[in-house]
Amino acid sequence: MTTRTLILRSLRFHARSHLGALLGAAVGSAVLVGALVVGDSVRGSLREQALERLGSADAIIDSGDRFFEQDLPARLENSVVAALPKRNMSDDLAWGVPMSGAVLLDLPATAVRQDAAARANRVHLYGITNCTFFPTGNLLLPGTVWLNGTLTRHLDVRAGDSIIIRISKPAALSRDAVISSRNDSSVALRMTVGRMVQPPGRQFLENFGLRNSHVASFNAFMNLDELAKAAGVDGRANLFLPFSAYRLHEPSPAQHWWKTMREVISQRRWISPRAAPQIPYSVPVTSRETVDAIEPRLAEAWKLSDAELTVRMTQSSISGINAETNLTMVELNTRRIFLEPPVIAAALGYSKGGAGNLPDGTGVASSIIATPGSQQGSAPIPQGGSPALLASGASAPSTPGATTNGIGVLTYLVNLIRVGERAAPYSMITATGAPWVPVDMADDEILVNEWLAEDLKVRAGDRVELSYYLADSGSQLIERTNSFRVRGVVPLKGLHADRTLMPEFPGIAKAESTHDWDAGFKLTHKIRDQDEAYWKNHRGTPKAFITLAAGQKMWSNRFGNLTAIRWLVPTNTSPEVLRASIESNTRANLNPEDVGLKLEPVRERALAAANQGQDFGQLFLGFSFFLIGAALILMAMLFQFGVEQRAPEIGTLLALGFQPKQVRRLLLAEGVVLSALGAVMGVAGGIAYAKGMLWGLSTIWRSAVGTSPLRYHAEPMTLVIGAVAGTAVAALVIWFALRRQARQPARVLLAGGEVQDGDGKSDTTDREQKVDLPIHTAREKAGARWSFAAIGRIGWAGLLSVAAALGLIAFAFATNRTSHAGLFFGVGALLLMGGLAFSSVFLRRLLRHAGAVPSLGELALRNAARRRKRSLAVIALLACGSFLITSIGAFRLDSDKDATKRSSGTGGFRYIGESSLPVVVSLNTKSGREEFGLDEKDLAGVNFVQMRVRDGDDASCLNLNRAQRPRLLGVEPVELQRLNAFSFAGFAKGFERADPWGLLAESHQDGAIPAIGDAASIQWALGKKLGDTLEYTDERGREFKVRLVGAVASSILQGSLLISEDSFKERFPSETGYRMFLIDAPSKDTFVPNLTRAMQDVGFELTATTTRLASLNAVQNTYLNTFQVLGGLGLLLGSVGLGVVVLRNVLERRSELAVLLAVGFRRRAVQRLVVTEHGALLLMGLGVGVLAALVAVLPALLSPRGEFPVMSLALTLGGVLVSGAVWTWVAAALALRGKLIEALRSE
Amino acid sequence: MPDAPPVLRLTKVSKRYSSTDGGGELAVLQEISLDLQSGESASIVGPSGSGKSTLLNIIGTLDRPSSGQVLLDNEDLSRLDENQLAAVRNRRIGFIFQGHHLLPQCTVLENVLVPVLATKEASLRSGAEARARRLLARVGLGERLTHRPGQLSGGERQRVAVVRALINQPKLLLADEPTGALDRASAEKLSDLLVELNREEGVTLIVVTHAPDLARRMKRVFELRDGKLE
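Chain order of the listed sequences is A and B. Here the first sequence is numbered in the working numbering, starting from 1 and rising by one per residue. Here the second sequence is numbered in the working numbering, starting from 1 and rising by one per residue.
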């Protein structure tokens, strides 16, 4: 006989009474395991989807609207292979990370069915070519487009159908620039839908995508060459996806030995490890390893043409003393018109480190070039460095000599050159240094060519006025005028007749006549015949020259501040040598990231997004908390009932010399075994529960997870953890329930344990039973009133709990954290504890209180107090359930509530608009509206808040992945502040202010850009808190931080972060136009059809803000539904618990009830007594729960978005009340059936 | 051996129950004194409610006196805490209840050995099973070792309870109405057994009983009346 034998014997003997507890443990564990498996499944599905989206891509170069040469990947691959270390000279085997990859052109597009019956905006159009990554087998022929299933279904097309795809044609110069072609901004392609061909089992074309989102996107695939040609970027691409499936490395001796032994086994012949060839050992590589392996090679493989830079030679003639001589120069220019500061710094020979130290923006060129009289400007002689530059603190040129002596050129279009009444329209003027202008020319002086001097009748000393548009004023067309004094007149020949000084302005450079110009703005000044003739004969030859400093002061812009750099060829070298030198020098000094060629570990990010995504395991654990709690309380109740039935057995053990703790250990051991068995059963149940939840998430709760199906995944370790946790929790609950067992005297237990809870410790109470004397304390006799002394320790604990809860609520109001979930749970838990403590005190007092002749109701109430712990367990169960249901009802979001108010989640806007292609005009201006053929009447009373968009991860609750770099919206803070739009849920510490949108305009000491986001996005989608920062990379590959300074409450802004438009343009200068619009509109929607029709070519989509908000709210509301369903199940278990208690109480007291019958009570009256007794418990449970919930949700109710669904709540609680009453009635009826009077005989 | 210290000495043991509302006290036992030598047997008789079981519970450390002293082997039991009292019950006192209180889930042998589980003393544990078998054979249950209580008659169950009470070789054996639930024949058999064991095992025996036959078979007979032992 051992302790184990005794435990096992007891378990077997009491198996039937343990069954309920076992089931309770199993349910608790099943819910726990199930919740964890749901987490696994969501995580696993997200991982799967992430890998499906990316195919085998490890990393990415996404150059956006910069286009590199399509052969860059091939060059990179060669460079990588060449760099792989060889084991020995004669060996072909190499160690390292081999690389392959795919090159793509990624353009935003819209797709329309030929009959215009269906349209899809925000289409990702990819130009692809046959490669390992996209093994199209050359089946994607020109004229054919492949659509993914989502797009196919949306357009309802089949293979062979025609569709129109409209793409935004990449512009050389941002369409935000004044001089930028407008007419050629998009191109429509008529394509035939082809049948997508993918290798079996590889469906990533279907799901291909680079954003960390599980929401299926519209994907279309075209032949790369065809798309590049149509987009005007022939031979170029903007996406490169390198991948390396493995890393080869030299095997260690152990690895070599192991591999050889495997060969021996497989070939069944002996091979000596020493003689066996060393085979490279391959191991899978991470995304980061791929990036680390490739990054150094990229710096070697890229060319200037990948950055759309060109180095060319130009010829000019200059007049010497005796004759004209040819002057050859080398020029660096760009297809993007303006050279950016990093390029300028690199071209002028400043090393990467030095360039990095230079001031950013236009200051670089200014300090280098624009200083009047500097060596740079005055002496274009290829020798030595630039003192001005060296004085600026930059590092020394890496290639001293020729390259540092480049001459900056900035040529720009001037609207009008005016002298008094005379004016010449639309002329190019070049700002540069010597030899085009005299070394000592002042910044307010101008050289005019002889044509202009003649035209305007000007001479040296006259003043001319130049009127021009600010270069990046876009559609606003801000005009400025500057006055210059004529320094002299230069002949229209030689250096000053160089038409190549004008960059290839799109829409202008190739025009045959001035009338053909597509300058991006309306030519309002009259073009005279002589102007036309000048264009015909001299094209863009500058009509005047000013100093570079003067030009940069007027025309510097966010795209750059030079249109070219020129170098004079020194006499001691050839133009070719200098050109080569400049090319290599510029490339060597320029980081590929500076021109958008940045490698990002996309797989790592995607997997991180999936792994850190919404933790549904925790979420469902939270949702199931009450269900688990209810199951465990029920289990504990049933177990305890079983133990109470064994009171004589416990008494025997105590009488035989067992210590109470030994007895409790024996019982606990039984409980632990039961818990473990329950947990094992729970694993199976948990899998079923998880599958049920996944089914729910795919059907009735679909709104919570978006469109992607979730597949079942379960990690073995999760099941083990779940089972262990289930066992531990159940055992803990049993331990808690048992902690007062075996404390009653053995003699009492031997007599059957008929001792009331909490009593029996003192001789007095023992005797109360024995002699049946009504005993009342003097304290109680003094009065039935509550007093501090009377409430006892439990009462004090209750008071403290309630006080703490009220303190928390006050804190919430004081700190404006009324929507804080932790606060809600904290307050709720404290109030529930308080309520239960008061219930305990109340029951205790009921027991001790005795009137003269109790009524039936009073008797029932006193009965309820007899098994105080049992009654409290029931109250606790019901209180938790009703707390849950009440509080959830109050947290439901209604998108229509106060939708017109600025403080609501809609911000008071009626519509939110999104366009696939950028809109570069202001839709609030007449000219902007005219651009789309809209007049004032069409849009009367309509006002737009336009926002720039930098695409990123969707940081809304609709995205289950953890957003790594959310979409950025650039907005003019003043506009939102003027409207006082949206309510703020909170601010980062130290950023509280009355004009919250003004926070966006502030600059931070550490250079971080202030951002405002939706509170839910920040907390759930980003996993951040206010004051945190996020890392971004700007267009030039520079890392920068975005600081979360404010959070708006439950709004349509969910999913993005808002920064100021100025910061946006500074970081993403090439990101053209606006793609998101918040729209104020009159109550009538008559403008909607006109607006959508007019803007359909840019893929404009209007959504009512209430609809958008409802779709976002749907996630939270669905979570609440889930929570409510699971809470309802918990309450159901609570009702079952109540039924069990009724049954047990009645069975225990059958003889007592029989006495009532014997003395003349009717059976129905007895039944009413039982129902009243337990109805009181039901009411107390619901009362405590509802009261706690009402107080806990008070902060949320009083917040602007708060509401309280009184009717639905009343119905739900009424339902619970009825259900509880039914359970009680049924249980009482069951227990009282039969001949009750016989119980007296057995007594 | 008149000079040997008694195994059990009760000195002015009283037990009172008082109500906390000041409604007076109920004295169940009043200044009871008693000495029992090793191997002695005694019976306590008296009407229902006279406090017989209360006295037995106090002697058996299942209850504490309101005043007075209980010395077992010259050790004052009132100075012991609950755990020490449990050890006293386990090793020095054997209990036989009116209801046998056998564990229904255990066999006869296992039931007898249950008290052994409560102690870690190797001396008690070693040879416990052999002792159990011997004692069970002694009481005529040698063939019923693997039977469960449900398979035994009332008398047999009570004999198992007797063996269980003796398994740790106690000095004092307390029997509370041991024959109360038995038929006459079984009661007689059990009475014989108790007397024999008292003699053979040298254990001091106190029997609380209503049965005059059983009471008379004890060396000393006490009557408890109005809380006083006569």
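The hints are simulated quantities; they were obtained by calculation from the structure and are not laboratory data. Wrong hints could be hidden among the right ones.
Quick list of in silico lysine-lysine cross-link-like pairs, DSS-like style, CA-CA up to 30 Å [to be verified]:
| no. | chain 1 | residue 1 | chain 2 | residue 2 |
| --- | --- | --- | --- | --- |
| 1 | A | K526 | A | K229 |
| 2 | B | K171 | A | K661 |
| 3 | A | K229 | A | K510 |
| 4 | B | K189 | A | K661 |
Consistency of the hints with the structure:
no. : hint              : verdict
1   : A/K526 <-> A/K229 : violated, 36 Å
2   : B/K171 <-> A/K661 : holds, 25 Å
3   : A/K229 <-> A/K510 : holds, 18 Å
4   : B/K189 <-> A/K661 : violated, 37 Å
The structure fails to meet hints 1 and 4 from the earlier list, while all remaining hints are met.
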